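Asks: If you want the building blocks of each chain, they are given just below.
There are 4 protein chains.
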Amino acid sequence: MKKSLKIAVIGGGSSYTPELIEGFIKRQDILPIRELYLVDIEKGRKKLEIVGALAKRMLEKANSTIDLKLTYDRREAIKDADFVITQIRVGLLEARARDEHIPLRYNCIGQETTGAGGFAKALRTIPVILDICKDIEDLAPNAMLLNFANPAGILTEAVLKHTNVKTIGLCNIPIGTKMQIAKLCETDVSNVYLEMIGINHLNWTTRILVEGNDITKEVLTKASSSSGLTMKNVPDFGWDANFLTSLGALPCAYHRYFYMKEQMLKEQLDSFKTTGTRAQVVKRVEDELFELYKDPELDIKPPQLQERGGAYYSEAALDLILSIYTNKGDIQTVNVKNNGIIPCLPNDAAVEVNCVINSDGAHPIQPRVEIAPQIRGLLQLVKAYEELTVIAGVTGDYKTALQALTIHPLVGSVELAEKILKDILVENKDYLPQFNKREVLQN
Amino acid sequence: MKKSLKIAVIGGGSSYTPELIEGFIKRQDILPIRELYLVDIEKGRKKLEIVGALAKRMLEKANSTIDLKLTYDRREAIKDADFVITQIRVGLLEARARDEHIPLRYNCIGQETTGAGGFAKALRTIPVILDICKDIEDLAPNAMLLNFANPAGILTEAVLKHTNVKTIGLCNIPIGTKMQIAKLCETDVSNVYLEMIGINHLNWTTRILVEGNDITKEVLTKASSSSGLTMKNVPDFGWDANFLTSLGALPCAYHRYFYMKEQMLKEQLDSFKTTGTRAQVVKRVEDELFELYKDPELDIKPPQLQERGGAYYSEAALDLILSIYTNKGDIQTVNVKNNGIIPCLPNDAAVEVNCVINSDGAHPIQPRVEIAPQIRGLLQLVKAYEELTVIAGVTGDYKTALQALTIHPLVGSVELAEKILKDILVENKDYLPQFNKREVLQN
Amino acid sequence: MKKSLKIAVIGGGSSYTPELIEGFIKRQDILPIRELYLVDIEKGRKKLEIVGALAKRMLEKANSTIDLKLTYDRREAIKDADFVITQIRVGLLEARARDEHIPLRYNCIGQETTGAGGFAKALRTIPVILDICKDIEDLAPNAMLLNFANPAGILTEAVLKHTNVKTIGLCNIPIGTKMQIAKLCETDVSNVYLEMIGINHLNWTTRILVEGNDITKEVLTKASSSSGLTMKNVPDFGWDANFLTSLGALPCAYHRYFYMKEQMLKEQLDSFKTTGTRAQVVKRVEDELFELYKDPELDIKPPQLQERGGAYYSEAALDLILSIYTNKGDIQTVNVKNNGIIPCLPNDAAVEVNCVINSDGAHPIQPRVEIAPQIRGLLQLVKAYEELTVIAGVTGDYKTALQALTIHPLVGSVELAEKILKDILVENKDYLPQFNKREVLQN
Amino acid sequence: MKKSLKIAVIGGGSSYTPELIEGFIKRQDILPIRELYLVDIEKGRKKLEIVGALAKRMLEKANSTIDLKLTYDRREAIKDADFVITQIRVGLLEARARDEHIPLRYNCIGQETTGAGGFAKALRTIPVILDICKDIEDLAPNAMLLNFANPAGILTEAVLKHTNVKTIGLCNIPIGTKMQIAKLCETDVSNVYLEMIGINHLNWTTRILVEGNDITKEVLTKASSSSGLTMKNVPDFGWDANFLTSLGALPCAYHRYFYMKEQMLKEQLDSFKTTGTRAQVVKRVEDELFELYKDPELDIKPPQLQERGGAYYSEAALDLILSIYTNKGDIQTVNVKNNGIIPCLPNDAAVEVNCVINSDGAHPIQPRVEIAPQIRGLLQLVKAYEELTVIAGVTGDYKTALQALTIHPLVGSVELAEKILKDILVENKDYLPQFNKREVLQN
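Listed in order, the protein sequences are those of chains A, B, C and D. Its first residue numbered 1, the first sequence is counted upward by one per residue in UniProt numbering. Its first residue numbered 1, the second sequence is counted upward by one per residue in UniProt numbering. Its first residue numbered 1, the third sequence is counted upward by one per residue in UniProt numbering. Its first residue numbered 1, the fourth sequence is counted upward by one per residue in UniProt numbering.
Among these hints, one or two may not hold up.
No copy is singled out in the list; a pair is fine if it fits within one copy or between any two copies.
27 Å max Cα-Cα, derived DSSO-like pairs, lysine-lysine [stated by the list, open to error]: (1) K61 - K429; (2) K43 - K134; (3) K47 - K266; (4) K56 - K266; (5) K3 - K217; (6) K422 - K266; (7) K419 - K222; (8) K328 - K183; (9) K26 - K328; (10) K166 - K217; (11) K328 - K178; (12) K46 - K337; (13) K419 - K266; (14) K134 - K266; (15) K399 - K222; (16) K178 - K56; (17) K26 - K3; (18) K437 - K217; (19) K399 - K217; (20) K61 - K134; (21) K337 - K161; (22) K3 - K183; (23) K222 - K422.
Just so you know, the hints here were simulated from the structure itself, not pulled from any lab data. Bear in mind that the values here come from a model prediction, so they are computed numbers and not experimental data.
For reference, chain A alone in the conformation it holds in the complex (with noise of 0.2 Å):
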């Protein structure tokens, strides 16, 4: 008889939360949890303790048996855990809105994920994380992290070379994407497979079956035309069709940065005038949100979380816990170790490739097909300067954060990624323990 889990959420006053208490609730026949932790820091005490409040209503509603906790000790939590889940923000939407305000200064695209943007958020959190992973390995060894902070790609090539952590990336795209194509081919998601590589955040679909029959080719022509192929926080643009037939795969939403930058520059630029960031309009959002949580009468998931943005992200995570715990051996789309499943990037490179997930971990599987060079060359070098990005989140290395930004293709010069790394640096300051440590500020 297997035995109950313990799972630690760390980040868990999150306004995501109810999402993934929802998950387990769905799923309290099959995977039985005997205690959740939802940990935060001091500074979120509020949001844990209404978030909190929420969960327990939610729970007692569905006569759950497990056991709800509320901590801001992170080590209780992580102490013998079997998952421990990641979902946190290291300077919360104030920082993130600095990741997408620094960039448009200099007419670079700012986004939360990619680009200056998403390298400031990942030398806030690689500290972070890195530090958790210090606690499990030491609480915990044998637990599983899960982590769904971004940018989630550059924090678990992290964690898989700088710790004994086991760990699996996850993000909502594959699962979104997959949702979209049923949708698309008026199906259940259940009768669609996807074979998607690519890194996280960067991730192409090369092959679309439905009921075993291969119809990337009619997806890939209807797409070019057809909304709807996004995620909520990125805008609708459609895919040139001579560009989509030709790239042979699905793009994800977020490749619109790169392939059409310069209209997601402007559309950045106009929405900053008339709404501010993206950020702030999701601290908007969760504003809302959180005034609703507070509702003593509210005991589900109130749907306007939905809007959110995020979604199927608990689904995607509660999957692949019941894959672990039951030894499934069905095949999710995560972020894993590459040891070669992608030969054109390096072994140690943390990709997002389908696996068979089972009680052993994540498995990649041979993708089918060969990947093309209109493919290839965008996808090492982003990864090449994720690489850089690791190395300069761990070390606070400056020159090695100037080579990063200076490669990537949403930055691309010197003299750009100098003005930016300096606006990064000064403004997180707080944030940046292992830059503080030296002398970063050259000039």
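Add chains B, C and D to chain A, keeping to what the hints say.
Replies: Relative to chain A, chains B, C and D alone:
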């Protein structure tokens, strides 16, 4: 006793030819040339006659025994040749002017050998060089093709992938860099050894040894403050010191188009307003050169040719021929098939690396230094662009051309790629038979 | 609604066929077979008629709706088939007897599927299977070929390299090993997960999980003392404990021919004196089986078939067909193109690895365990032998055949290879058209 | 102005030393040696004194300015040395006699450098050479270690993997092969260029060029009928013509132990009965040499040394030192880290390949010829054996030693490996401290 050589120079009417003739004269004691054919097309008759006459006067003055022949029959020149040298310019300087101008219309860098300009030049030149190779396969299957038409890396890759011709691609940057380093270090060029890695016009010097001592770090520190490390036709902006020392290698002059995109574009736009494109400047220089060449008293290479750019090209070509002829076994940096010498690039790619040169051809030497991520990412992306360009140049496939331009870092978006590609195809119509076979102009 | 299937069984007169029929019957609710063709050559008419009649009785008893057809026209059977199953034995048991005997003359192991015996069998079978593939390309280009003729790895590689037919090579060792482990661990086979790496009949089980727990070390300790880990036709010598635990993986039964060369050879020489070759033993078993099959009262698979060796072959084949038909996505260990999943073998080699099986075919899963040198070396050598055997089998080149035999560890010297090869070529003359085209008998 | 050199020769009392001294004398105008230390252990005092006295007489006769020093203090010799040459023989010829004899007891080939004999020698020598490397790291971190103790490939790999010492492994086979080819082709050795691929004592000459012409095929045809292509200490059986021409490369002398296993074994068993092991023969030769060396009138290398086997070792060593000292840039075949130059072997393996030699060390050149399967398989297997031997030699792990011997083609079974290993461990007890730390004799 070794036989004397027959050499065919395709594009013999080039203004560079006197440098080549000078090179043959300098080596006449060690490199016995029997026949030297200067070939050109009918359209270039006037230039070939002028240059040919000067060449004759130069050879006579030197008491050379070389039998110089001018011809418009390429097959006559190639038949049984030992070496075929290609220095062609399909579409003449007029085409180059368009190559440089079209991208500028869209605020993209317009450059003869890289970016959208080099791309257009590749599309024009690939069919011609493959045609030349058919003649070589037919009439001189053991000949070695030495190409220094640009973009030399792409053309070498096209020849390697689509013909059975033995070929080495040549560039003056490696020899030029060596001379600059020698000057910088105040030593003789024979004391300098450089380890170079990369592809044509995107080549990093990863190690610099003078008299066997590794002084790479010292040179990188010096180079960020000194000027002089550039080519005639590339503006000399100094390198950022932080950037250069952490790059860990000396970039080549053409890297400025990537690492200093904004400054280079600004400089191009400014120059364009005042002096026109670089092609127009070169045109004026060439016209003046041909005026000089006409002088029946002139029987040496006029010193003004040095001003033209492209210095040392003939040195590079003749050193190569000499090492092959004499089975010398020295080391030169040339363009050859990769075959794993740069493990992060495809095996069948053309790469520019250090090779042992002997009668058996060029044999790549394993680089001592592993390629750093900051170098690897950009190298891989531009190589992917080159692979696509070879496909587009051979097949005339519009969509592949679109993918190639989209991923090039100097274009970088679908929208720009489409606009620029449309202009390229329309304005080069006469030189793109491979595209005219098909319905290419989609919009 | 999915269509019903047409299946062609080449070599339908085999004594194994009743097992296959039983398998179809067991799965009749989930695997709708419309037409089942048993094909054989004229020479096998007697056997096909006997087996065919038994099959009919079995199907009738089970109220099956399968339309069973016996034919000697292979093309009729293949036309529009969904699956083609090959269970051919070129030259019948008489040829196998020679395969086993020839090497024994020179004190080399004589085995049906590996060493010089398997080599001879490969040479005979390659032309036939390629011929079958021509029919498939012509008449059923979308059919999946499931081959379980031996040597299955070499034949799969020949098909992958020289035809366009979709194919998966099958062996009963993986399923057999799973069953033995289940028995050893006293658990149900569904609880056992094995990670297998290697090539057909040289396959190492590198990880053993029961209910998700890794018990590899425990099994290796147990296995060195227990018996039962072998196949019917491979003598069961226990493994040396020191050897097995440091090998780090469970060898398959056929490894005994390599690791216990002397004992195996001695056993073969002893057996040969008393009972003749294994082929002769099997011949007697088969004769008895066919006597049983003739019984018009018999309408089930007779239990004596289990004694025959080759148990679970039809289980393996039918599980594979079912998973493909139902797009199941379970994991089976089969022979497919390597493509880098075993990085130390050539990309175009056939390998035997764990694959996800769905309607799209077999998709290799990345092994978790890196291949240890003690496994790698032998694996690479035998694969090199297989590559050469494919070339020799296709071209009929005497010298390549000589190289193949020379490097095989069960032959291992030029002198032995020459002698054995001479005998093979002479005694298989009627079955080696590819060699007869040429002057092959050099001495 | 370049400085003069200090050279330490470990194992200075070797009978080879006069050849080395002769080499230094021949090069005294171009290779300025300041100090030459001949080091030996106390046990070798008598030999060192004899050889040392002869060396002094030779240097005096040549008016050499080299300061020759004899010492038993290894650290004094190594301190600040520019080159350390190791020509040690741990356990003296007595140990070699055992290495050759033990395998013969079990009908396996007994050879000093490969098979079980070379394995025993590796186990004895690895601890000593790693100890020497500790002294080098400590006292002369910039020194280059040139090892020609055998098995040179395994020792080089041990040093590369377990120390920070710069090293090149040396063998006389490459230079010897060159001389034999020159003789066979009746040309000067300077006209011969060989492309060699493989590992020490398992090295294939894949291309043979004389004056730049590829005559590989002609030589392979000749070589199968000619004698003379072997080493002094390897019997000269002619190669089979069919085998040699389809191998596509010239095997080295030691390949006979693999390709002609039976003949070689028979020859060894026969010789053993009549003249004892090769070690015993050599012992007699050495005793005679030392008698000669004692002659106070002798002041040149006596011609009898040539008979000893191992000719050209000092040529190889001194050519290497000279090319490094003078930054020459010529090509020599030596043992270095693979790093992908032989793609089918691990990156960290020692390989024997053509290298450019300059002040910066040895730089592998990319082989032109792809390695054929008939070469690849054996090469990979023996390399895997070498990897295991390095592990066993460093750790003293009995089981790893068992795996190493089991897979070696000259042993090839668990049973033989266990028996031979037991004898090796017992009879070399005094020289295997790494095994004595542990419980190694399991049975």
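Asks: Cα distance capped at 27 Å. Does K43 pair with K134 within a copy, between copies, both, or neither?
Replies: within (22 Å within a copy, 54 Å between copies)
Asks: Between copies, within a copy, both or neither: which fits K337 and K161 at Cα up to 27 Å?
Replies: Classified as both: same-chain Cα gap 9 Å, cross-chain 25 Å, threshold 27 Å.
Asks: Which holds for K419 with K266 at a C-alpha limit of 27 Å: within a copy, between copies, both or neither?
Replies: Answer is both; intra-copy 21 Å and inter-copy 18 Å each pass.
Asks: Go through the copies and call it for K166 and K217: within, between, both or neither, with a Cα cutoff of 27 Å.
Replies: between (37 Å within a copy, 21 Å between copies)
Asks: One pair to classify: K3 and K183, alpha carbons no more than 27 Å apart. Within, between, both, or neither?
Replies: between (38 Å within a copy, 25 Å between copies)
Asks: I want to check one pair: K3 and K217. Are their C-alpha atoms no more than 27 Å apart within a copy, between two copies, both, or neither?
Replies: between (46 Å within a copy, 23 Å between copies)
Asks: Checking K56 and K266: alpha-carbon separation at most 27 Å within a copy, between copies, both or neither?
Replies: neither (44 Å within a copy, 61 Å between copies)
Asks: Regarding K399 and K222, is the shortest C-alpha distance of 27 Å or less found within a copy, between copies, in both, or in neither?
Replies: Classified as between; 17 Å across copies, 45 Å inside a copy.
Asks: Since the copies are identical, ignore which copy is meant and state whether K178 and K56 lie within 27 Å (CA to CA) inside a copy, between copies, both or neither.
Replies: Close neither inside one copy (32 Å) nor across copies (46 Å); limit 27 Å.
Asks: Given identical chains, is K134 near K266, meaning Cα to Cα at most 27 Å, within a copy, between copies, both, or neither?
Replies: Classified as neither: same-chain Cα gap 43 Å, cross-chain 49 Å, threshold 27 Å.
Asks: Pop the pair K47 and K266 into one bin, within, between, both or neither, using alpha-carbon distances up to 27 Å.
Replies: Classified as neither: same-chain Cα gap 35 Å, cross-chain 50 Å, threshold 27 Å.
Asks: When no copy is named, should K328 and K183 be tagged within, between, both, or neither for a Cα gap of at most 27 Å?
Replies: both (26 Å within a copy, 22 Å between copies)
Hints 1, 3, 4, 12, 14, 16, 20 from the list above are not met by this structure, while the remaining hints are.
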